[in-house]
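Undergrad: Mapping to the numbering used here: the sequence shown position 80 is 280, numbers consecutive.
Just so you know, these hints were derived from the structure itself, not from any lab.
There's no promise every hint is true.
Pair by pair, the computed Cβ-Cβ distance ranges are [said to hold, decoys possible]: (1) Gln238 <-> Ala264: 18 to 28 Å; (2) Arg255 <-> Gly340: 38 to 48 Å; (3) Gly343 <-> Gly235: 19 to 29 Å.
C-beta: ideal position from N, C-alpha, C; glycine also.
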Amino acid sequence: MKRNSSGRMLVHTRNAAMALVALLLLVAGFWSSWGTAQHILLSKGRDHGTLAVSRCDDDTCTGAYTPRAPAPDRAEVTIEKSVSVRKGVTLSVVLKPGTGEAVRTGPAGGLYAWVPLGGALLLSALVIGGGLRLTRLAWGAAGVGGALLLASFLAL
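Construct all of the structure, not just a fragment, from the sequences and the given hints.
TA: Below, the structure is given as structure tokens:
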């Protein structure tokens, strides 16, 4: 049985909509990750040092910052609170330019910065597999996203 042209048009429209949703999820995950990851990946010329966490609130932790290179010490530097950031811990960090906000460096910080992209890969895998019916690509996206989330969990 042949499909009519309106049936083919509907299938193409559905596939285009699903591809757009998957692309939107991936771009949003990348953009959300890039806000933190850029400070780790493009850290040349930024202030590197250690942060001794002394106090934690609901969303942020603060502490004394000791730079690696000759630069002034800072009494109050903040970092986003996560599972591994707690009172009494000393972390290797890089400061965001022009602020007193720190971002964790090293393998754990780098993987943690890309967690939103890992989640976006998992979500887009559902759209790719269910909406576009590209099961191999969906399993690949889910595998990469899951591996990224697992690696960041183990590194923290």
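Undergrad: Hints the structure violates: just list their numbers, smallest first.
TA: Violated hints: none; all satisfied.
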